[in-house]
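Chains as they are written, first to last, in the numbering used here: chain A, 1 to 405; chain B, 1 to 405.
Hints should not be assumed to be uniformly reliable.
The calculated lysine-lysine pairs, modelled on DSBU-like cross-linking and capped at a C-alpha distance of 35 angstroms, are [stated by the list, open to error]:
1) Lys63/A / Lys107/A
2) Lys290/A / Lys63/B
3) Lys63/A / Lys292/B
Because the hints were derived from the structure by calculation, they are not lab data.
Number of protein chains: 2
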Amino acid sequence: MPVGNVTLPEMLSIAGIRLGVAQAGVRYANRTDLCLIELAPGTTTAAVFTRNLFCAAPVTLAKQHLVQANPQYLLINTGNANAGTGALGLLAAGECCESLAKLAQIKACEILPFSTGVIGEPLPADRICNALPQALADLSEQHWAAAAQAILTTDIVPKGYSCEIALQGKTVRITGMAKGSGMIHPNMATMLAYVGTDAAIASPLLQQLLQEVVEDSFNAITVDGDTSTNDSLVLMATGQSGVTISMECPADVQIFKAALAQACISLAQLIVRDGEGATKFVTILVESGKTKAECKQIGLAIALSPLVKTALFASDPNWGRILAAVGRAGVNDLDVNALTIYLDDVCIVEQGARASSYSEALGKAVMAKEEILIRVLLHRGAMSQTLWTCDFSYDYVRINADYRS
Amino acid sequence: MPVGNVTLPEMLSIAGIRLGVAQAGVRYANRTDLCLIELAPGTTTAAVFTRNLFCAAPVTLAKQHLVQANPQYLLINTGNANAGTGALGLLAAGECCESLAKLAQIKACEILPFSTGVIGEPLPADRICNALPQALADLSEQHWAAAAQAILTTDIVPKGYSCEIALQGKTVRITGMAKGSGMIHPNMATMLAYVGTDAAIASPLLQQLLQEVVEDSFNAITVDGDTSTNDSLVLMATGQSGVTISMECPADVQIFKAALAQACISLAQLIVRDGEGATKFVTILVESGKTKAECKQIGLAIALSPLVKTALFASDPNWGRILAAVGRAGVNDLDVNALTIYLDDVCIVEQGARASSYSEALGKAVMAKEEILIRVLLHRGAMSQTLWTCDFSYDYVRINADYRS
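So here's chain A without its partners, still in its complex pose (with noise of 0.2 angstroms):
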């Protein structure tokens, strides 16, 4: 089960942003597993991609069709990557946005598409296209829930977010969502997620805000290391709320900026709440670097190691896996014998070794805890980093080895 409050709060709708929901049978039958979002014109819209070398036929198709126009919906289908699929792959996403752009009177490059699923089987494109009709005719401000469910695969809970800022005598409002449990290592965007406003925002402000917030939100979690060929995050201002973020207005930029980084680390949490087989989420936080990466990179060290996550699993304070994550991070300058390690307000190592004030039975009533922060000081310098991670179970084997079966 996730770890913590995951309850999908009430999702406010944005002006300008209509979802429809539909069960294309993509997979499953009696799903829904069809998404559609449609953007009111003069929507702005800003995105990023998985890194991965072998990203997604829909990934591609997306990159093309953002250079060509301005997204008027974006198509979700969950059941299907459609990644490692190849040319058949493109003309099989290419198929379903045609189909479409004929049904809304539009051109398929006003069109993004996105898949999630299994890898390297070809996309159905005629149960998606077939199933059009129905998404569009479902199509509602209201549906933000409804979306969030459709677009899951080994989620346990939908994840979303939503609030509202005060901004030039007016209100603004942040709703997102996301979807993503396994194949959990940030490298740009995170799987999928959809974040709208209805601030009016023009596009190169747009993806420079979404580039500057990913880093320490979607692109500081993980799950099982392994960098999905389909993460996508897209950004959506319809303007609909009157008020216009610009750089004309930099402190406004920075309210909005603030609300959209929580939104962010908001829905990248969830994400990690319901990692795959998570019995606890854990908090790590490096600071005291010389740099913003060493940091990262130590924190990743830690998060990435089967050691310290079965450790967790475990709820056993051994503590000697977290130094040896530390030391085999590749920060190779690094002073060890200056280092200091809390679990919680537990300090368990000072310079390089056993703090003398810490004991197995306060080691051991941290790890029991649902929720643990580890916190790691290097210090060496003032910058810090934070990520966020679960623990190794059973159930992660479990789901895994059974997934696709």
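Got chain A; can you put chain B on it based on the hints?
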């Protein structure tokens, strides 16, 4: 259970090397956990150690002793790694050496200490010192098998290799033993391994040969991506065969080097076959790369992927996960459309997408095997790298969630 044939071979004695074991009760009673290796005068020794910055106290001390004197004894304990133990750990390792030096009437710097086991616990030096007379009394050239047993931790089986080669009309022997099952990710040497030969080889050449063969043997395996704090590999040459290996006869060096490489590869493979929870033995061969380094980088991305490893455990030909791992390996100018991937002799990916000749039935037949070859062709050069790994099973989680408790 270990994968494949892991029976300890007949461990041929090496003239000039005597081994003794004892029950010190470092962590558990009723098992041998102390091993002494005595080297006859004139023996040369080469060693490589972990690159983990948190190297254990015995590793630090062994490195110091190696530059001070020619080793006469190797002292190995299991049950406690004496790592993450700071200044007290160094004192404890020194105390064990001093105690043995007194009994054997030599200098402490003529002893190399080694430890393996739990990280972060104080080393019970008194128990080790008390058991030294027992180990000294047990010294014999015939005790390789007992020694191979005494150095184990979570290993299921002892690991050994032994061979004879004909050189200069005489017979040269190589016999080696290794331990290691978890926290296996090569970076220099992996875990503890000791290889002896009765050839005479001067120290500089011995060290060079060891460093050359380690790259494609111990540094080409991974179980879980975690580099140990205690990795050590020692090569000892007693010279008592009457055969001298030197650069005056390069052909002999090559013959010896090939035999040494085979010994190290066999021992390294045994570690993988006995990998924690392993049910499959997997060879990863990355071919036709520009550099050996990029082949290794891609091979490691596959070998370390929890998704690939759980699919191997499930015997599921979920090859999209292999493709995704190649894509995220970080070789960023790779032409993914040129890629070919085989499972044994079944072509699963050609030109970056599913091979036309591939069928699920063919993939399933390979994946059902206990020993599997994953072969990736990059089609951009003449270099290659072979790696060995195992799968990720429920038992890996069980072993590492239970270890310590």
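Verification of the supplied hints:
1. For the hint linking Lys63/A to Lys107/A, the alpha-carbon distance of about 15 angstroms falls within 35 angstroms, and the restraint holds.
2. A distance of roughly 29 angstroms separates the Cα atoms of Lys290/A and Lys63/B; the hinted pair therefore holds under the 35 angstroms criterion.
3. For a cut-off of 35 angstroms, the pair hint linking Lys63/A to Lys292/B stands: about 33 angstroms separates their Cα positions.
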